[in-house]
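Using full-length UniProt numbering, you'd call the opening residue of the sequence shown number 1 and step up by one each time.
Don't take each hint at face value.
[As the list claims (entries may be wrong)] Calculated pairs, DSS-like style, for lysine-lysine (alpha carbon to alpha carbon, straight line, at most 27 Å): (1) 122 / 133; (2) 132 / 122; (3) 132 / 166; (4) 136 / 96; (5) 33 / 62; (6) 96 / 156; (7) 96 / 122; (8) 96 / 55; (9) 62 / 31; (10) 96 / 132; (11) 156 / 136; (12) 49 / 32; (13) 62 / 32; (14) 132 / 156; (15) 166 / 136; (16) 55 / 33; (17) 55 / 132; (18) 96 / 62; (19) 156 / 122; (20) 31 / 55; (21) 33 / 49.
Treat the hints as calculated values from the structure; they're not laboratory data.
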Amino acid sequence: MNYEDQLEEGLSLLHEGDFDHALDIAHQLQKKKPEYSDGFHLEGLVFQKLNQWEKSIEALEKAIDLEEENSGYYNLRGFANMQLENLDQAIEDFNKAIDLDDSPAAHRNKVLYMIMNGEASKANEYLLDRIKKNPKDVENWILMGDLLQRAGQEEKARGFYQQASKMDPENEYVNEQLGEM
(Lines of atoms letter the chains of each structure in order from A and count residues from 1; the text may use other names and numbers.)
(Lines give C-alpha, C1' and ligand atoms only; values in the text may rest on other atoms or scores of the structure.)
Protein backbone atom coordinates (compact mmCIF):
# COMPACT_ATOMS: atom_id res chain seq x y z
CA MET A 1 0.00 0.00 0.00
CA ASN A 2 1.41 3.39 -0.92
CA TYR A 3 1.89 6.23 1.54
CA GLU A 4 -1.20 8.25 0.51
CA ASP A 5 -3.50 5.21 0.68
CA GLN A 6 -2.11 4.29 4.07
CA LEU A 7 -2.67 7.83 5.34
CA GLU A 8 -6.24 7.78 4.05
CA GLU A 9 -6.82 4.43 5.78
CA GLY A 10 -5.44 5.82 9.04
CA LEU A 11 -7.75 8.82 8.89
CA SER A 12 -10.68 6.58 8.07
CA LEU A 13 -9.91 4.34 11.03
CA LEU A 14 -9.67 7.41 13.25
CA HIS A 15 -13.13 8.57 12.19
CA GLU A 16 -14.51 5.05 12.72
CA GLY A 17 -13.15 5.06 16.27
CA ASP A 18 -10.53 2.34 15.71
CA PHE A 19 -7.85 4.28 17.53
CA ASP A 20 -5.39 1.42 18.06
CA HIS A 21 -5.15 0.67 14.35
CA ALA A 22 -5.06 4.36 13.44
CA LEU A 23 -2.14 4.80 15.86
CA ASP A 24 -0.37 1.79 14.34
CA ILE A 25 -0.71 3.38 10.90
CA ALA A 26 0.56 6.72 12.26
CA HIS A 27 3.72 4.97 13.48
CA GLN A 28 4.11 3.12 10.16
CA LEU A 29 3.83 6.42 8.29
CA GLN A 30 6.44 7.99 10.57
CA LYS A 31 8.85 5.14 9.80
CA LYS A 32 8.09 5.15 6.08
CA LYS A 33 8.57 8.91 5.61
CA PRO A 34 10.00 10.50 8.78
CA GLU A 35 10.47 13.78 6.91
CA TYR A 36 6.68 14.11 6.42
CA SER A 37 4.41 15.54 9.11
CA ASP A 38 1.33 13.40 8.31
CA GLY A 39 2.18 10.50 10.63
CA PHE A 40 2.76 12.82 13.57
CA HIS A 41 -0.43 14.73 12.78
CA LEU A 42 -2.42 11.49 12.74
CA GLU A 43 -0.81 10.45 16.03
CA GLY A 44 -1.74 13.81 17.56
CA LEU A 45 -5.34 13.40 16.39
CA VAL A 46 -5.59 9.89 17.86
CA PHE A 47 -4.30 11.07 21.21
CA GLN A 48 -6.81 13.93 21.21
CA LYS A 49 -9.63 11.44 20.69
CA LEU A 50 -8.25 9.49 23.64
CA ASN A 51 -7.99 12.68 25.76
CA GLN A 52 -4.25 12.11 26.13
CA TRP A 53 -3.38 15.76 25.76
CA GLU A 54 0.32 15.64 26.63
CA LYS A 55 0.98 12.89 24.07
CA SER A 56 -1.01 14.83 21.49
CA ILE A 57 1.12 17.91 22.11
CA GLU A 58 4.32 15.87 21.73
CA ALA A 59 3.19 14.47 18.37
CA LEU A 60 1.96 17.83 17.12
CA GLU A 61 5.25 19.49 18.08
CA LYS A 62 7.03 16.99 15.82
CA ALA A 63 4.55 17.76 13.04
CA ILE A 64 5.15 21.50 13.50
CA ASP A 65 8.92 20.98 13.39
CA LEU A 66 8.45 19.38 9.97
CA GLU A 67 5.81 21.76 8.63
CA GLU A 68 5.80 24.98 10.60
CA GLU A 69 3.40 26.86 8.31
CA ASN A 70 0.43 24.53 8.92
CA SER A 71 -2.21 26.41 10.90
CA GLY A 72 -4.11 23.22 11.71
CA TYR A 73 -1.23 21.86 13.74
CA TYR A 74 -1.02 25.00 15.85
CA ASN A 75 -4.78 25.01 16.34
CA LEU A 76 -4.80 21.38 17.48
CA ARG A 77 -1.86 21.92 19.82
CA GLY A 78 -3.60 24.99 21.21
CA PHE A 79 -6.74 22.96 21.84
CA ALA A 80 -4.72 20.32 23.70
CA ASN A 81 -3.03 23.04 25.76
CA MET A 82 -6.42 24.54 26.54
CA GLN A 83 -7.61 21.15 27.83
CA LEU A 84 -4.59 21.10 30.14
CA GLU A 85 -5.39 24.70 31.16
CA ASN A 86 -2.08 25.91 29.71
CA LEU A 87 -3.96 28.97 28.56
CA ASP A 88 -0.95 31.14 27.67
CA GLN A 89 0.39 28.48 25.30
CA ALA A 90 -3.09 27.85 23.92
CA ILE A 91 -3.71 31.46 22.95
CA GLU A 92 -0.24 31.70 21.37
CA ASP A 93 -1.07 28.71 19.18
CA PHE A 94 -4.51 30.03 18.22
CA ASN A 95 -3.05 33.41 17.32
CA LYS A 96 -0.30 31.74 15.25
CA ALA A 97 -2.92 29.69 13.36
CA ILE A 98 -4.94 32.86 12.72
CA ASP A 99 -1.84 34.73 11.56
CA LEU A 100 -0.91 31.93 9.15
CA ASP A 101 -4.19 31.69 7.25
CA ASP A 102 -7.06 33.24 9.23
CA SER A 103 -8.07 29.75 10.39
CA PRO A 104 -11.82 29.65 11.24
CA ALA A 105 -11.20 26.74 13.62
CA ALA A 106 -8.60 28.79 15.49
CA HIS A 107 -11.01 31.72 15.73
CA ARG A 108 -13.60 29.37 17.28
CA ASN A 109 -11.07 28.03 19.73
CA LYS A 110 -9.97 31.55 20.60
CA VAL A 111 -13.57 32.31 21.58
CA LEU A 112 -13.63 29.17 23.75
CA TYR A 113 -10.36 30.33 25.30
CA MET A 114 -11.91 33.70 26.16
CA ILE A 115 -14.89 31.98 27.76
CA MET A 116 -12.65 29.65 29.79
CA ASN A 117 -10.60 32.66 30.84
CA GLY A 118 -13.70 34.42 32.19
CA GLU A 119 -13.84 36.94 29.36
CA ALA A 120 -17.38 36.34 28.07
CA SER A 121 -17.95 39.98 27.12
CA LYS A 122 -14.68 40.03 25.18
CA ALA A 123 -15.75 36.81 23.43
CA ASN A 124 -19.08 38.46 22.60
CA GLU A 125 -17.35 41.47 21.03
CA TYR A 126 -14.92 39.25 19.15
CA LEU A 127 -17.73 37.14 17.68
CA LEU A 128 -19.78 40.17 16.67
CA ASP A 129 -16.74 41.54 14.88
CA ARG A 130 -16.20 38.17 13.15
CA ILE A 131 -19.84 38.11 12.04
CA LYS A 132 -19.53 41.63 10.61
CA LYS A 133 -16.36 40.71 8.73
CA ASN A 134 -17.63 37.35 7.48
CA PRO A 135 -21.42 37.11 7.76
CA LYS A 136 -21.48 33.84 5.77
CA ASP A 137 -19.49 31.84 8.35
CA VAL A 138 -22.27 29.85 10.01
CA GLU A 139 -20.02 28.72 12.87
CA ASN A 140 -19.76 32.28 14.19
CA TRP A 141 -23.56 32.56 14.31
CA ILE A 142 -23.78 29.25 16.18
CA LEU A 143 -21.08 30.23 18.67
CA MET A 144 -22.83 33.54 19.31
CA GLY A 145 -26.08 31.68 19.93
CA ASP A 146 -24.32 29.37 22.36
CA LEU A 147 -22.71 32.27 24.17
CA LEU A 148 -26.00 34.14 24.53
CA GLN A 149 -27.85 31.02 25.61
CA ARG A 150 -25.30 30.41 28.37
CA ALA A 151 -25.76 34.01 29.47
CA GLY A 152 -29.51 33.42 29.81
CA GLN A 153 -30.44 35.58 26.81
CA GLU A 154 -32.58 32.97 25.07
CA GLU A 155 -34.43 35.31 22.70
CA LYS A 156 -31.22 36.80 21.36
CA ALA A 157 -29.71 33.33 21.11
CA ARG A 158 -32.73 32.14 19.12
CA GLY A 159 -32.14 34.91 16.56
CA PHE A 160 -28.55 33.79 15.99
CA TYR A 161 -29.58 30.12 15.75
CA GLN A 162 -32.35 31.04 13.30
CA GLN A 163 -29.86 32.86 11.09
CA ALA A 164 -27.52 29.86 11.26
CA SER A 165 -30.44 27.61 10.33
CA LYS A 166 -31.21 29.75 7.26
CA MET A 167 -27.59 29.40 6.19
CA ASP A 168 -27.35 25.66 6.95
CA PRO A 169 -30.84 24.14 7.20
CA GLU A 170 -29.45 20.63 7.66
CA ASN A 171 -27.29 21.50 10.67
CA GLU A 172 -28.42 19.04 13.34
CA TYR A 173 -26.94 20.99 16.24
CA VAL A 174 -28.73 24.21 15.30
CA ASN A 175 -32.03 22.43 14.74
CA GLU A 176 -31.65 20.70 18.11
CA GLN A 177 -30.97 24.02 19.85
CA LEU A 178 -34.00 25.65 18.21
CA GLY A 179 -36.16 22.65 19.08
CA GLU A 180 -35.28 22.97 22.75
CA MET A 181 -36.22 26.67 22.93
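Hints, verified against the model:
no.: 1; hint: 122 / 133; verdict: holds, 17 Å
no.: 2; hint: 132 / 122; verdict: holds, 15 Å
no.: 3; hint: 132 / 166; verdict: holds, 17 Å
no.: 4; hint: 136 / 96; verdict: holds, 23 Å
no.: 5; hint: 33 / 62; verdict: holds, 13 Å
no.: 6; hint: 96 / 156; verdict: violated, 32 Å
no.: 7; hint: 96 / 122; verdict: holds, 19 Å
no.: 8; hint: 96 / 55; verdict: holds, 21 Å
no.: 9; hint: 62 / 31; verdict: holds, 13 Å
no.: 10; hint: 96 / 132; verdict: holds, 22 Å
no.: 11; hint: 156 / 136; verdict: holds, 19 Å
no.: 12; hint: 49 / 32; verdict: holds, 24 Å
no.: 13; hint: 62 / 32; verdict: holds, 15 Å
no.: 14; hint: 132 / 156; verdict: holds, 17 Å
no.: 15; hint: 166 / 136; verdict: holds, 11 Å
no.: 16; hint: 55 / 33; verdict: holds, 20 Å
no.: 17; hint: 55 / 132; verdict: violated, 38 Å
no.: 18; hint: 96 / 62; verdict: holds, 16 Å
no.: 19; hint: 156 / 122; verdict: holds, 17 Å
no.: 20; hint: 31 / 55; verdict: holds, 18 Å
no.: 21; hint: 33 / 49; verdict: holds, 24 Å
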